[in-house]
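In order, the protein sequences belong to chains X, D, L and W.
When the first sequence is numbered by this note's numbering, its final residue is 498 and no position is left out of the sequence of numbers.
When the second sequence is numbered by this note's numbering, its final residue is 315 and no position is left out of the sequence of numbers.
When the third sequence is numbered by this note's numbering, its final residue is 349 and no position is left out of the sequence of numbers.
When the fourth sequence is numbered by this note's numbering, its final residue is 292 and no position is left out of the sequence of numbers.
Hints were generated in silico from the structure; no laboratory data involved.
For glycine and all other residues, C-beta sits at the position ideal for the given N, C-alpha and C.
Some hints here could point you the wrong way.
Between beta-carbon pairs, the in silico distance windows are [stated by the list, open to error]:
#1 R12(L) - S212(D): 36 to 46 angstroms
#2 D55(W) - R478(X): 33 to 43 angstroms
#3 A71(W) - E314(X): 35 to 45 angstroms
#4 F61(W) - A334(X): 14 to 24 angstroms
#5 R12(L) - M125(W): 21 to 31 angstroms
#6 W50(W) - K477(X): 46 to 56 angstroms
So these bits of chain D aren't anywhere near chain W, every CB distance computed over 12 angstroms [said to hold, decoys possible]:
#7 L4
#8 H30
#9 A51
#10 G58
#11 Q66
#12 D78
#13 L94
#14 L101
#15 W148
#16 A180
#17 D213
#18 I304
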Amino acid sequence: MRILALLLMLCCGGAAMAQGTLRIGIGDDPDALDPTLNRAASGRQPLTAVCDKLFDVTTELKLEHQLVTAHEIAADGLSVTLKLREGVRFHDGERFDAEAVAFNLNRHLTMQGSLRRTELGALAGTEVVDPHTIRLLLKSPQAYLLLINLAERAGMMVSPKAARDAGERFALHPVCAGAFRFVERVPQGRIVVQRFDGYWNRANIHLDRVEYLPISDSTVRLAGLRSGELQIAERLSPTDLPQLRGDTRVTSVATPDLGFHSIRFNMANGPRQRIFGGDIRIRQAVELAIDRRAMVQALFEDQYTAGNQFVGPESAYYDKAHPVPARNVPRARALLREAGQPNLTFTLLVPSERERQEAAQMVQAMLAEAGITMKLETQDNTSLLASSQRGQFDAVFSFWSGRPHPDGNSYSHFACAGPLNDSRYCNPELDALLTRGREATDEAERVRVYQQANALLVRNVPHVVVWHRRTFTGISKRLAGFTPHPDSTIRLVGLRLN
Amino acid sequence: MRFLLFLGQRLALTVPTLLMLSVLVFALQHLLPGDPALALAGEDMDPDVVAEIRHRYGFDLPIWHQYWNWLLAALQGDLGMSLRNSMSVVQLLLGKLGITLQLAVASMVLALVIGIPLGVLAAARPGSFASLAASGFALSGISVPHFWLGIMLVLAFSVNLNWFPSSGYTPFAEDPGRWAMGLVLPAFVLGTGIAGVLMRHTRSAMLQALGSDYIRTARAKGLREQRVVLKHALRNALVPVVTLGAIEFGQLLSGAVLTEQIFSIPGFGKLLVDGVLYRDYAVVQGLVLVSALLFIAASLVADILYFVINPRLRS
Amino acid sequence: MSAPLLSVRGLRKEFAVGGLFSGGRGRVVAVDDVSFDLEAGETLGLVGESGCGKSTTGRLILRLVEPTAGSVRLRGQELSGLKPHAMISHRRDMQLIFQDPYSSLNPSMMVREIIGEPLQVHGVDTTPGIDRRVAELLALVGLGPQHMRRFPHEFSGGQRQRIGIARALALEPRLIICDEPVSALDVSVQAQTLNLLRRLQAQTGVGLLFISHDLMAVRYIAQRVAVMYLGRLVETAPTTVLFDAPLHPYTRALLDAVPAPEHGAAPRPLLEGELPSPLAPPSGCHFHPRCPFATARCAAEAPAVVEAAPGHGVACHHATTLPAWPGLSPALTHPVEPRLARLLARFHA
Amino acid sequence: MASAALAGTLQPAADGRLRRVLRRLRRQPASLVAGGIILAFIIIALAAPWVAPQDPLASSFLQVRKPPSAAHWLGTDEVGRDVFSRLIWGARTSMLAGLIPVLVALSISLPLGLLSGYGGGWIDMVLMRVVDAMLAIPFLIIAIALAAFLGPDIWNAMLAIGIAALPIFVRLARAAAMSVRAEDYVEATRSIGSSPLRIAVRHILPNMLPPLLVQTSVMAASAIIAEASLSFLGLGQQPPAPSWGSMLNAAQRHMAAAPWMAIAPGCAIFLLVISLNLFGDGLRDALDPKRG
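Go ahead and model the full structure; you've got the sequences and the hints to work with.
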């Protein structure tokens with residue numbers, strides 16, 4: 001066995017690795033590589049390399065231009081005029097112009113199975129002004145929200161010719177205007193992209209080739225990084241970080257995540273609302289029995305952030321008047337007694353994913369100290385989605401990946417008609433706030449509105465936010481120019497391998 | 001002639017088996033809880049999109065109707081489209097088949113190279129230390145949980161010693177060295193189990209062969225022991241072992257589920273687990289059908305081998 | 001004259017063969033136009049090489065195997081064609097004793113259940129009644145009531161065969177078919193068992209069809225002997241006639257091949273040439289390829305059974321023209337093999 | 001527990017036979033050691049409340065993933081529970097996981113095998129097609145799909161494993177029925193005029209058991225591994241209750257940082273399974289009529 005290994009290592013050493021190839025270990029195998037149909041967060045990584053967007057967001061979550069060079073929001077807020085970058089070509093040589101933008105936005109809106117419609121909900125239509133100018137027409141004055149969404153997959157531009165030719169099969173070979181062109185994909189194996197020499201920002205691209213390798217286990221990704229197989233390993237588990245100490249070849253960088261983990265109560269969805277749908281004191285008791293800080297410390301090496309609102313405590317939209325409450329078991333017991341439920345028993349629906357499984361067991365132990373019996377029911381993700389939508393839960397341990405605009409973290413989840421509002425929590429006051437947030441173009445106004453929304457949710461406790469993740473990216477010290485991004489998508493511009 | 005007839009009979013029997021199988025799989029996965037359309041609708045889960053997806057993939061039809069549609073397409077060689085990444089299932093499977101075959105062949109070679117010599121050794125010197133050690137190895141091979149062995153090997157050889165890549169698969173054309181290194185650990189994990197089975201069967205077949213009349217005759221003729229064991233006994237003992245090997249190989253093609261999962265090898269097994277978890281019906285259905293076909297083909301090969309090797313049946 | 005106990009006429013059995021490797025359907029005629037009678041209290045020996053169809057004949061009579069054609073009458077009552085439920089009432093009149101005393105007793109049943117089962121099935125008696133009857137039967141075959149609660153594996157081969165005989169006697173049958181009942185036993189036990197059968201026959205008047213390839217055992221127990229070759233009866237005669245003046249060349253060959261007892265166990269090869277495959281039996285007289293007297297006629301035409309003397313039937317074209325039979329080898333002139341004879345004498349006493 | 005059941009079932013059939021088997025087993029020291037280990041596991045599983053030094057469910061937020069120490073012989077797990085105590089309690093699950101699927105498979109496959117092997121005809125034909133179809137899908141896949149369908153729960157997992165093992169058991173039962181059918185004592189009872197039902201129940205069924213029982217210990221070994229695999233995938237034992245497989249599932253994420261979480265349960269599974277296999281080998285040899 002050992003001799004065999006040695007022999008193989010010898011021949012392995014002989015094959016030199018291609019210069020300038022960056023190998024990135026990603027956590028999941030992406031689904032369809034089509035900006036219109038892509039679903040999972042993992043797809044954003046290769047798509048970002050292949051497809052440039054109209055806008056981008058900075059690491060401070062500010063809007064910045066990418067394929068757009070200037071934008072202007074009309075006074076009534078019902079239209080936006082975009083100036084497009086000139087001289088940009090798609091990988092198939094087609095020209096990027098206003099017609100192409102119109103085609104793309106229309107494709108997002110009309111293609112069967114499009115997953116971008118919600119993000120473009122405010123868009124009524126487009127108007128080509130000249131080859132490099134396009135005007136977006138809006139249904140309601142939600143211009144800022146729309147532009148932020150165009151900094152995501154909804155703003156990715158594909159070649160109209162390639163899209164027309166390939167139809168539904170476009171995802172098998174995406175053609176865009178990004179810095180890298182798609183080469184090949186081995187499903188569950190890897191995705192390979194190659195530098196596009198016709199890229200408008202060619203001067204800042206220093207890599208020849210990038211490979212994305214889906215490796216589901218964080219420890220294994222880390223091992224790959226340390227052995228030099230990978231130069232970037234995304235989403236390392238905080239519990240693996242201690243291994244990096246003392247390793248001179250690799251390091252890790254962290255950035256707060258935009259999302260949140262929370263325990264959502266069934267407020268009004270079907271017969272199982274009866275435990276948490278009524279008395280607020282019961283929900284408060286559950287919240288007070290949980291020690292978020294102890295949990296973050298024990299489970300995540302104190303690397304995540306304890307939280308209680310739909311944005312993290314470092315966000316401007318966070319309401320500092322309602323900080324994370326301390327654990328208070330006697331108070332929790334008292335509340336339960338007052339509510340006439342001294343022996344509260346309920347079931348928490350948990351996905352089979354390990355992080356939440358561990359946390360659920362810890363919550364279970366914490367609640368037990370307050371006299372609450374929490375049973376655990378595990379379901380795989382697909383079953384869990386169906387169960388939560390049908391209201392087959394008392395409480396569910398959910399996770400939201402987060403969006404740059406706070407609307408993405410709130411409206412769908414808590415508005416009465418929100419598609420993700422499986423709790424069926426409904427509060428007209430909150431609906432009014434969230435609508436105002438959508439229409440606010442002014443940053444100060446947005447801050448005020450979303451702080452109020454957060455305060456309201458904290459008081460009503462339709463869910464208990466537990467923590468906000470931080471994204472840990474492991475990088476080889478050979479890699480220069482890497483900046484972690486809060487949307488956890490790796491930007492390849494400016495990266496260099498030494 | 002008789003052989004062809006036998007082959008025809010066997011082939012005819014596979015048709016109802018496959019049909020039964022496709023019904024079983026179809027029924028089973030449509031009984032799975034969870035709504036694939038919800039999983040497909042993305043994080044935002046727009047209800048219109050969900051309905052659109054249901055309609056597009058025919059999930060709104062009665063189940064027998066869905067089966068009929070699937071069967072009609074399957075008869076024309078179309079196994080549908082993966083819900084998850086829009087690839088044609090046939091293409092997806094063809095892409096994976098190569099990888100799974102490589103792993104299966106590597107494991108099988110390892111199993112044969114380890115299992116048969118150990119079995120011969122154990123039979124030739126019964127009661128010796130070498131024989132005991134070989135039996136112990138075989139027993140361990142069939143008793144160890146493969147997924148655990150995989151984890152332990154990754155821990156020892158990849159994470160700590162950094163001898164082997166811990167996961168992933170590299171195509172041969174791209175980097176033969178990496179390709180080989182990547183297959184060593186998973187092939188070892190899968191190979192030990194089969195080696196154990198082969199070793200035990202080789203040993204018992206050898207013991208039987210060594211006790212038979214023609215071996216006594218061979219020995220009486222004064223042939224050297226080594227020649228008796230290797231030339232005469234082994235040749236006869238190999239008949240059942242080879243057929244068993246073919247069947248084990250058939251099971252390898254689809255049976256490496258957890259091993260592929262642990263080593264992140266993009267073969268049939270990983271495709272299947274992901275397919276079940278994401279309710280990717282077309283992929284699961286197609287995959288089970290193809291691996292069943294492969295299994296049936298392997299057992300057919302086993303029968304043919306049995307027929308070819310065994311001179312008593314040929315006459 | 002009343003009908004004989006058992007009357008078999010034109011019995012025939014074809015088996016369809018067609019396995020995976022045979023490549024197509026074939027037919028084997030295992031039993032071909034077999035006819036004979038058996039009287040109450042009489043023992044008919046049925047002899048022949050293994051595979052000649054004698055065991056099948058026994059099972060055809062019992063309807064354990066469905067005959068293709070022919071008639072079986074028990075005390076004049078036609079059995080063939082009877083529906084299974086109509087057959088049941090006749091089953092108590094006919095019983096079977098097996099060759100292998102090991103596989104013929106259910107290992108998971110106690111002796112009491114094994115012997116009592118026929119009684120139970122035919123609703124003969126209640127539990128105490130069955131127990132009493134089983135004890136009687138055990139005593140009849142030389143075993144004691146203490147054996148009732150034991151399992152078959154606790155007994156020796158001879159004892160097991162006694163249990164099998166007791167089971168066969170349980171319903172007081174008129175006819176017992178003994179299928180090689182002693183060939184699996186040690187010589188000394190063989191003698192005991194043969195004597196037991198003889199004694200029981202004397203006591204009960206049961207008719208025995210004694211199927212065996214052991215000519216000496218048949219000579220000891222049977223009054224008449226039928227010789228079978230490849231599914232056909234070739235010669236039927238009273239025992240003394242058959243052993244003194246056999247007419248069929250095959251019978252003569254069989255008698256020639258009986259091992260001289262002084263030379264012990266291994267019998268010599270029976271005949272020149274192999275036993276032909278029943279799948280493709282020789283034309284005409286099945287025996288002609290191995291027969292020293294065969295002529296062209298033998299290959300062309302199957303001989304019919306003719307009565308050479310009253311009660312002596314033979315199926316051979318040349319039965320009347322064959323040279324005289326030189327007689328048994330001197331060592332065998334004694335009706336029973338000497339060692340067996342000594343043993344038998346001891347048990348008679 | 002499997003071997004206890006085994007001995008229990010053999011008892012009424014033939015205590016003389018059992019004694020002979022035990023006598024032959026005694027001549028195989030390896031099988032005896034294996035039997036001893038199985039017995040030890042059974043005792044540990046039964047006595048878990050008294051043997052386990054700590055509460056297997058009590059977590060301590062300050063003692064998460066601590067390496068083995070005097071207080072925690074095998075370290076602590078991801079939520080600060082004592083791995084050693086969980087290992088002891090987990091023995092219960094694994095023992096049941098070896099026993100229940102085998103019982104499920106036996107109780108379904110015996111009548112089916114009887115129907116198919118003794119009854120024959122079109123039932124046999126149809127049943128064998130289904131069995132062939134199921135055999136063409138790997139055992140674990142059927143178990144995964146069934147467990148996913150029934151929902152993640154340890155009892156469901158055991159049921160799923162039992163059903164997944166059915167095709168093999170039905171094949172064995174059918175073969176056993178066919179070989180028993182050819183025995184003389186079946187012909188004997190037919191010649192008496194016994195009804196087919198009586199033949200099936202009194203003669204064939206009881207004698208199908210011994211050859212199947214020889215397989216049970218090997219089958220139990222496979223079932224234990226299957227339970228561990230399902231729990232490893234999150235489809236078996238649900239938290240916080242321990243099973244060796246679910247402990248491995250929890251350990252996988254902390255493989256590098258806390259290897260003790262994976263090593264202990266893996267070794268326990270290995271030890272139990274190898275003992276069952278060894279014991280099964282010994283039992284087979286002891287029951288083999290061809291050997292003295």
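Structure-based check of all given hints:
1. R12(L) - S212(D): 36 to 46 angstroms: holds, 41 angstroms
2. D55(W) - R478(X): 33 to 43 angstroms: About 49 angstroms separates the Cβ atoms of D55(W) and R478(X), which means 33 to 43 angstroms is violated.
3. A71(W) - E314(X): 35 to 45 angstroms: Holds, at about 38 angstroms.
4. F61(W) - A334(X): 14 to 24 angstroms: Since F61(W) and A334(X) have Cβ atoms about 23 angstroms apart, the given range 14 to 24 angstroms holds.
5. R12(L) - M125(W): 21 to 31 angstroms: Check passed, 29 angstroms falls within 21 to 31 angstroms.
6. W50(W) - K477(X): 46 to 56 angstroms: Since W50(W) and K477(X) have Cβ atoms about 54 angstroms apart, the given range 46 to 56 angstroms holds.
7. L4: holds, 22 angstroms
8. H30: violated, 10 angstroms
9. A51: holds, 25 angstroms
10. G58: holds, 21 angstroms
11. Q66: About 17 angstroms separates Q66(D) from the closest Cβ of chain W, which puts it past 12 angstroms; holds.
12. D78: Non-interface label stands for D78(D): nearest chain W Cβ at 22 angstroms, farther than 12 angstroms.
13. L94: holds, 20 angstroms
14. L101: With a cut-off of 12 angstroms, L101(D) remains clear of chain W, as the shortest Cβ separation is near 16 angstroms.
15. W148: violated, 4 angstroms
16. A180: holds, 24 angstroms
17. D213: holds, 17 angstroms
18. I304: holds, 18 angstroms
Hints 2, 8 and 15, counting from the list given before, are not met by this structure.
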